[in-house]
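In the order they appear, the protein sequences are chains A and B.
Position 82 (the first sequence) corresponds to 81 in numbering that gives the first Met the number 0; numbering is contiguous.
Position 349 (the second sequence) corresponds to 348 in numbering that gives the first Met the number 0; numbering is contiguous.
Hints in this document: simulated from the structure, not taken from any laboratory.
Even for Gly, the Cβ is constructed at its ideal location relative to N, Cα and C.
Treat the hints loosely; a few may be bogus.
[Claimed, not checked] Examples of chain A residues toward chain B, derived with CB under 10 Å: (1) Arg51; (2) Val94; (3) Leu233; (4) Ile258; (5) Phe360; (6) Ile361; (7) Gly375.
[Unchecked claim] Residues of chain B clear of chain A, computed beta-carbon distances all greater than 12 Å: (8) Leu36; (9) Gly103; (10) Arg296; (11) Gly327.
[Said to hold, decoys possible] Label pairs and their computed distance ranges (CB to CB): (12) B:Ala319 / A:Leu263: 53 to 63 Å; (13) A:Ser356 / B:Gly259: 28 to 38 Å; (14) A:Thr315 / B:Ile394: 33 to 43 Å; (15) A:Glu439 / B:Ala225: 49 to 59 Å; (16) A:Leu115 / B:Ile394: 49 to 59 Å; (17) A:Ala312 / B:Ser366: 31 to 41 Å; (18) A:Leu413 / B:Arg95: 23 to 33 Å; (19) A:Phe406 / B:Ser366: 41 to 51 Å; (20) B:Trp156 / A:Tyr284: 51 to 61 Å; (21) B:Lys188 / A:Leu263: 43 to 53 Å; (22) B:Gly344 / A:Ser356: 35 to 45 Å; (23) A:Leu115 / B:Ala225: 28 to 38 Å; (24) B:Arg396 / A:Gln246: 55 to 65 Å.
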Amino acid sequence: MSTTTSPSPGTAPTPEDIVVHDVVVKPVSRTRRIVTGVVMILVGALTFALGRNAEAHSARFDLSQGSEFIHLPDLVLPVAATAYVCGVLILVLGVLQAVKGFTKPWSTVVGSAVGLLFLLAFFCWAASGGTGSTIDLLGVLENTLGLAAPIILGALGAVLCERSGVINVAIEGQMLAGAWAGAMFGTVIGRSGGVVAALVAGALMGWLLALFSIRYLVNQVVLGVVLNVLALGLTGFLYDALMQPNQDSLNNPGSFDSIAIPVLSKLPLIGPLLFDQNVIVYLMYVLIVVIQVALFRTRWGLRTRAVGEHPKAADTVGINVLRVRYRNVIMGGAIAGLGGAYMTIGAVGSFTKDITSGNGFIALAALIFGRWSPRGAVGAALLFGFAYELQTLLSLVQPPVTIPTNFLAMLPYLATIFAVAGLVGKVRAPAADGEPYVKE
Amino acid sequence: MSQTSTAPPAEPAAPTPEPGRSGRRRLGDSPVVVTALAFVAAIVVGGVLIAVSDEQTRNAATYFFSYPWDTFRYGFSAIWEAYKALFEGAIFNPGRASSGTIAGIFGPISETLVSATPLILGGLSVGLAFRAGLFNIGGQGQIIAGAICAGYVGFAWHLPPVIHLIVAAVAGILGGAVWGGIAGFLKAKTGAHEVISTIMLNYVAYYLLAFLLSVESFQRPPYGQAISNSILGSARLPHLLGGSLRLHLGLVIALLAAYGVHWLLTRSTLGFEFRAVGANQNAARTAGMSVGATYTRVMLIAGGLAGLAGVTQILGTNPAITQDIDAGIGFDAITVALLGRANAGGTVLAGILFGALRAGGVQMQSSTGTPIDVVDVIQAVIVLFIAAPALVRGIFRLKGSGAGTGQALAKGWNG
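Excised from the complex, chain B in its bound form (with noise of 0.2 Å):
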C-alpha cells in the first residue's frame, strides 16, 4: 500500500471523551457551535474581498511594506462602512428612523422579510425533499412554473377579491408541484436521478417563460416586450403594515407553510414515510411502504411549496412576469435549506438571515459601492462551512467527534 499523502477523510469516533478535554470535545460537536463558526468565517471572507475593492485599501497596499498601518486603517474602515451599511439596510437605520415614520424605523426590517419570504418557501420545499432523501435542484423551474400559473390567473382572469386571490395562489401551487411531480415521478417509474432531472427542468420551465413572454397574449400592451401585463388588483397579497412598507401576505402563508411542513414531517403518517424512505429506503420497502410513490409524492408537496414561493414573487413582491421571476431563489433556497438543516424552524431562521444578507446588500451597494456579490460569497462560505463541520473544528482548534454531515446525506447518481 502507497503512502497516503492526504490525511484520512474522517477522524475515527472515539467511543469515550478524552478525560479533561470533554468540554471543547462538546463545543466542536455542537451544531449551533459550528453554525456560529461558520459564520465568523464568512464575514472574514467577506471582509477581506470588501478590503479588496476597495480602492483606497489597494492603494495603501502599494506601500505595505514601508507603512504597513494605512493598509489596515482603510481596510478596516471600508469594511466597517460595509458591513454597517448592511446592518443598516436589513435591521436598523438609525439615520432614516429619526425621521419617525413607520416606514422609516421598519423599513429595513421589511425588506428583510420581504426577501426572506420566498427564500423560506424554497428552503422549506428543498428541505423536505431532503428527509426524503431527495434532492430539489428544481426550485428555479418550480418557482417559475408556479409564476406563470399565478400570474396567469392573476392577470388575465377577474373574479372577486379575495377568491382571485385564492384560485392564482392554488395555481401556482399546483404549477410547482407539476413541475416538481414530473421529477419525482420519473424517480418512481423509471429511475432518473432527481438530481439531473430537476436541473434539466430549471431549463425547460426557462425557455417555456421565454416562450410565453414573447406570445402577445402574454404582453402587456404596447406589446413587443418581455413583461407580462401586471396582476390584477384583486390578486395581489395585501400589504400587512400599510402600503408604505412592501411587506406582505406573503410572509404569513411561509410562516404557515413552516408550520405545516413540521406538522407533516412530525405528526402525519405521510411525512412518516418521508423520513422513513429518507433514512433507509429498503427497511422502507421492506415494512410495506412504496418507495416510487413517496417520491412522487414529496417531489408534488417539494414543488407546490416551491411554487408557492413562485406565488409570493408574482403576487406580492413583483406583481408582473419577467424574465427574471426566479432571481436566483431556486439556488438560494439550497443554502437556505442546507443552513436550517433541512427543519421547518431552523430554515425559518436561515431564510430570514440570508433575506438579511440580500436586502442589506442592497443598500450596502448603494451607500458603499461594495458589489452585492459578496453576499453570495458570504452565503456560500457559510454553507461550505458547515456542510464540513470537520473544516470548521480543524481552523478554530475545536475537538470533535468527526462525525460529518455529509456521510449521512451521501449518494451517488446510480443511488
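So here's chain A without its partners, still in its complex pose (with noise of 0.2 Å):
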C-alpha cells in the first residue's frame, strides 16, 4: 500500500508534496513471532510463580449490589490452584505461538486471553495475603470506568481533532477549562447548565486551537502546549480570585445523581457496573457509538478522514477542507470539555486547581495507543483506568508480596512508548495529521 503523491504539473517537487506511506500489513515477521511467544512463557511462569507465593488458601470476589434481578454469589477461588491452572493455559499458548505464530484474527483473541488469565491469577494473589481478604470485583470495575470516563472523553474528542489533520495535545487544557467552566456555572445556573458551559469553554479552547493552527498556521505541538499554560493559569487564577474566596456561591455544584435505567440496572454484574450512572456517562456511551459508527459509515466521517489524510486529494473532489477542520477541532474541544465537567460535576462536586492533572495526556495515549480510532481510544482508556484502579486496590488488600504502586502508574505511558516504538504493532498517525493546509 506505498503511494506516492505527485506534485500538482508545473510546480516543483517539494519534500512536503512526497508522502511516502509505510506498508501497513506486515507478515508476522519470525523474530517478533519467537519473541512474542517468549514474553507469554515468561508471564506464564510468573503466573505460576504467583501460586506458589500465595499466603492464603482462597479468594473471595464479590460480584453483586443486592439489587439485581439474580444475586451473584460471592465467587470463591482456590487460589493456588487457579493461578496453576492459568500458568498452564498460558504457558502453552505461549509455546504455540512460539512455535507456530498465530494469525490476525488469532493473534488477538490469544492476547486478550493470556491477559485476562494473568489478571485472575493475579488478582487470587492478591487477595490472598495474610489470613485473606475480598475483593470487590464490581466495585473494581466501577471505579476503573469511573476513572475512564475523562479519558475517554478526552480521547474521543482528539479523534475529531486529529484524523481531520490537527494535532491536538491541548486536550489536558480543553479538559481544565470545561472543568472549571462546569463547576462555576453548574453552580450558579444548575448543573444541566454546568454541562453546557463545559461543552462550551472546551469548544472555545477548541476554537482558539482552531484558529491558530489553521489560520495563522501556528506549529500545532508547540500551540497545544502554550494553550495547556494559558488554560492552567487562566482556570488557577480565576479559581483563586473568584471561587476560593466564594467556595458555597461560586464553587458548590454537586455531582449528578446516578440514574438506574429501569431493566437493564437489574441485569447481574453488568446491570450497576453500566447502567447505574450519572447523565454524562451516558452521554459519552452515546458519543463512542456515534463517533464510531459516523466516522466510518457516513459522508461526514468519510470527509473527515479524507481531509486527514490527503487534503489536496480532497480539495480537488471539492470538500471545503479547512472547514473541516474547523467544524472537527472545535466539536472536539466540547467533547473533551464534557471529559473535563465529569471531573468536576460528575464526580467530585468541586473545582480545584489543575483538576485533571495530566488526565488529558492520558487521553493523548489512548488515542495513540488506540491508533487514532473510537474504539481503540475506549479500549485504551479503559486499560489506563484500570492501571489508576489497581493502585488503589493493592493498597487496599495488601497482596503477599507488596508493589510499588508508582511502577503501575507508570504502565500506561510505558506502553505508549512501547507502541510508538513499533514493538506492539505498527502505529500510524493520519497521513497529514500535524500539517496546515495552504490552498494553492
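Join the two chains, each given in its own frame, into one complex according to the hints.
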C-alpha cells in the first residue's frame, strides 16, 4: 500500500509534496513471533510463581450489589490451583505462539486470553495476603469506568481533531476549561447549565486551537503546549480570584446523581456497572457509538478522514478542507470539555487547581495507543483507568508481596512508548495530521 | 468549490513592497516589533484579568451603566498596584532599597536571576532540539532525572568540596542526557515521534521520583515524608553575592551553557549537522550525514542541558529532592525557547524575562493578592502572539509580508 502523491503539474516537487506511506499490513516476522512467544512463556511462569507465593488458600470476589434480578453469590476460588491452571494455559499458548505463531484474528484473541488469565491469577494472589481478603470486583470495575470516563471523552475529542489533520496536544487544557466552567456555571445556573458551559468552554479552547493552527499556521504541538499553559493559568487565576473566596456561591455545584435505567440496571454484574451511572456517562456511551459509526459509515466521517489523510485530494473533489477542520477541532474541544466536566460535576462536585492532573495527556496516550480509532481509544482508556484503579486496590488488599504502586502508574505511559516504538505493532497517525493546509 | 467562510490562511507574499507603505511593511516584519506588540497585548490581557479579580472593581461594575467611571478608576488602580508590585518583586523595590543593605537593593534582581537560571537552561535544551527539527516536550522528565542523579550524589556520597560539586553536576547532566537520549534513540531507530515519547517519559520520570521518595534510603529522617536528605554543603553551588541573597553559581553555568550552545550551533561540525538535519533532513542524508545519529546526539545534549537545569535547582535553589522539583520549568522552557526564537542569546533574554515575571509574580501575590497564575496567562499570550505574527499585524494594523514562523516548523506525527 505504498503510495506516492505526485506534485501538481507545473510546480517543482517539494519534500512536503512527497508522502511515502509505510506498508501497513506486515507479515508476522519470525523474530517477532518468537519474541512474543517467549514473553508469553515468561508471563506464564510468573503466573505459576504467583500460585506458589500465595498465602491464603482461597480468594473471595464480590460480584453483586444486591439490587439485581439474580443475586450472584460471591465467587470463591482456590488461589494456588487457579494460578497453576492459568499459568499452564498461558505456557501452552506461549509455546504454540513461539513454534507456530498465531495470525491476525487469532492473535488478538490469544493476546486478550493471556491478559485475562494472568489478571485472574493476579487477583487471586493479591487477595491471598495474610488470612485472605475479599475483592469487591464490581467496585473495581465501577471505579475503572469512573477513572476512564474523562480519559475516554478526552480521547474521543482528540480523535475528531486528529482524524481531520490537526494535532491536539491541548486536550489537557480543553478538559481543564471544561472542568472549571462546569463547576462555576454548574453552581450558578444548575448542573445541566454546567454541562452546557463545559461544552462551550471546551469548544472555545478548541476554537483557539483551530484558529491558530488553521488560519495562522502555528505549529500545532507548540500551540497545544501553550494552550495548556493558558488554560492552567486562566483557570488557576479565576479559581484563586473568584472561587476560592466564595466556595459556597461559586464552587459548589455538587455532582449528578446516578440514574438507574429501569430494567437494564437489574442485570447481574453489568447492570450496576453500566446502567446505574450519571448523565455524563450516558452521554459518553452515545458519543462513543455515534463517533465510531459516523467516522467510518457516514459522509461526514469519510470527509473527515479524507481531510486528515490527504487534504489536497479532498479539496480537489470539492470538500472544504478548512471548514471540515474547524468544525471537527471545535467539536473535539467540546467533547474534551465534557470530559473535564465529568471530573467536577460528574464526580467530586467542585473544582480545584489543575484538577485534570495529566488526564489530558493520558487521553493523548490512549488516542495513540488506540491507533486513532474511537474504539481503540476507548479500549486504551479503559485499560489505563484499570491501571489507576489497580493502584488503589493493591494498597487496600495488601498482597503477599507489596508492589510499588508508582510502577503501576507508569504502565500506561510505558505502554504508549512501546506502542509508538513499534514493539506492539505499527502505529500510524493520519497522514496529514499536523500539517497545515494552504490552498494553492 | 464551495465558498470558504474563513479567510485564506496567509496573505500571499508580495514580491515588491507597495510604495509609500514600505515603512509600515518593514515594521510588521521586524521580530522586535512583533515581540514588543505581543508584549503589549499580553500586558493588556493580564490587566483585564487583574481588574476582574479585584473585588472593588467587580462591585463597581454592578453599577457600571449608571456610573462607569468608578469601574475604570478602581480597575486601573488595581492594575497599577499589581504591576507595580510585580516590578518591585522582579527588578527594584524603592521601599526595601532605602535600607541600604545589599539584600534590599539587589534582592529582587537576585530572585529574578534565580528563577531565570533553570529557565535559561531548559530553554536552551528545547531551542537546541528545535534547531535540529525536534520538539523536546520532555524537559520536565529530563529535569527530574537530572535532579534525581545530582541530588543522590549530593546527599549520599561523601567527597571533597569542589570535586563533590563537579561529580554531582556531571551525574545530573548524565541523568538528563540519558532521559533525553532515550527519546532521540527511539526516534532514530523506530521512528517513534519524539513529542509522544518525551511526554510519556515525563510521566515515567515523575512516577520514578515518587517511587524513590517513598523508599527509606532516599528519605530524610524521620522517615515517611516525601522529601530527600539535604544536599551536603560540599556539593552546593556557592552563592554569588553573599549568604543574604539566593543568587548562586547556577546563573554563571547557565550563561556558559548559552555560550556553549551558541558556539556549538555556529562554529562546530556537530552543530552544522544539527542545523542541516533541522532544515532539510533529506538534503542532510544526501550529503552523507546520519540523520538517526544526529537525532540521538541532539537529544542527548538537549537532555543534558535540561538535566543541568535540574542540577542548578537541586544543588542551588532547593537543596533537597521533592516531588515538585520540576515546578513547571519543563513546560515554561518551551515558551522561553519560542520567545528566544531558539537562539542562545534570545533564550537568555527570554529566560531572564520570564524569570522576572515569576519572581515579580510572587511579590504581586503577597502584596496585592493577585493570583500568580496571571503570570502563566501573560506568558502564554506572549508566545501565542509571537507564534502568529499575522495576528499581531492584524490587531495593530501593520502590514507585513505574511510569512509566518509556523510553517517553517510545521510537521506532523509521521514526520
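Hints versus structure:
For arginine 51 of chain A, the interface hint is violated, since its Cβ never comes within 10 Å of a Cβ in chain B; the closest pair sits about 26 Å apart. Evaluation of the valine 94 of chain A hint against chain B yields a violated restraint, the C-beta minimum of about 28 Å exceeding 10 Å. This hint holds: leucine 233 of chain A has a C-beta 6 Å from the nearest C-beta of chain B, less than the 10 Å allowed. Because the smallest distance between the Cβ of isoleucine 258 of chain A and any Cβ of chain B comes to about 35 Å, over 10 Å, the interface hint for this residue is violated.
Hint status for phenylalanine 360 of chain A: holds, given a least beta-carbon distance of 6 Å to chain B, under 10 Å. The restraint placing isoleucine 361 of chain A at the interface with chain B holds, with a minimum CB-CB distance near 8 Å, inside the 10 Å limit. With 10 Å as the threshold, the beta carbon of glycine 375 of chain A stays out of range of chain B, its nearest partner Cβ sitting at about 15 Å, so the hint is violated. The Cβ of leucine 36 of chain B sits about 15 Å from the closest Cβ of chain A, beyond the 12 Å cut-off, so the non-interface label holds.
With a least beta-carbon separation of about 29 Å from chain A, glycine 103 of chain B lies farther than 12 Å from that chain, consistent with its non-interface assignment. Taking the minimum C-beta to C-beta distance to chain A, about 19 Å, the non-interface status of arginine 296 of chain B holds against the 12 Å cut. The Cβ of glycine 327 of chain B sits about 9 Å from the closest Cβ of chain A, inside the 12 Å cut-off, so the non-interface label is violated. Between alanine 319 of chain B and leucine 263 of chain A the Cβ separation comes to about 54 Å, which falls inside the hinted range of 53 to 63 Å.
A hinted range of 28 to 38 Å for the beta carbons of serine 356 of chain A and glycine 259 of chain B is consistent with their spacing of about 36 Å. For the hinted restraint 33 to 43 Å between threonine 315 of chain A and isoleucine 394 of chain B, the CB-CB distance of approximately 35 Å keeps it satisfied. Between glutamate 439 of chain A and alanine 225 of chain B the beta carbons are some 56 Å apart, a value that agrees with the proposed interval 49 to 59 Å. In this structure, leucine 115 of chain A and isoleucine 394 of chain B meet the distance hint of 49 to 59 Å, their C-beta atoms being roughly 57 Å apart.
At about 59 Å, the beta-carbon gap between alanine 312 of chain A and serine 366 of chain B misses the expected band of 31 to 41 Å. The beta-carbon spacing between leucine 413 of chain A and arginine 95 of chain B, approximately 49 Å, falls outside the hinted interval of 23 to 33 Å. Roughly 44 Å separates the CB atoms of phenylalanine 406 of chain A and serine 366 of chain B, a value that falls within the hinted 41 to 51 Å. Evaluation of the 51 to 61 Å hint for tryptophan 156 of chain B and tyrosine 284 of chain A yields a pass: the beta carbon distance comes to about 56 Å.
In this structure the hint that lysine 188 of chain B and leucine 263 of chain A lie 43 to 53 Å apart at CB holds, the actual value being about 49 Å. The beta-carbon spacing between glycine 344 of chain B and serine 356 of chain A, approximately 36 Å, falls within the hinted interval of 35 to 45 Å. The hinted range of 28 to 38 Å is satisfied by leucine 115 of chain A and alanine 225 of chain B, whose Cβ atoms lie roughly 35 Å apart. Separated by about 44 Å at the C-beta atoms, arginine 396 of chain B and glutamine 246 of chain A break the suggested range of 55 to 65 Å.
Hint check: violations occur at hints 1, 2, 4, 7, 11, 17, 18, 24; the rest are consistent with the structure.
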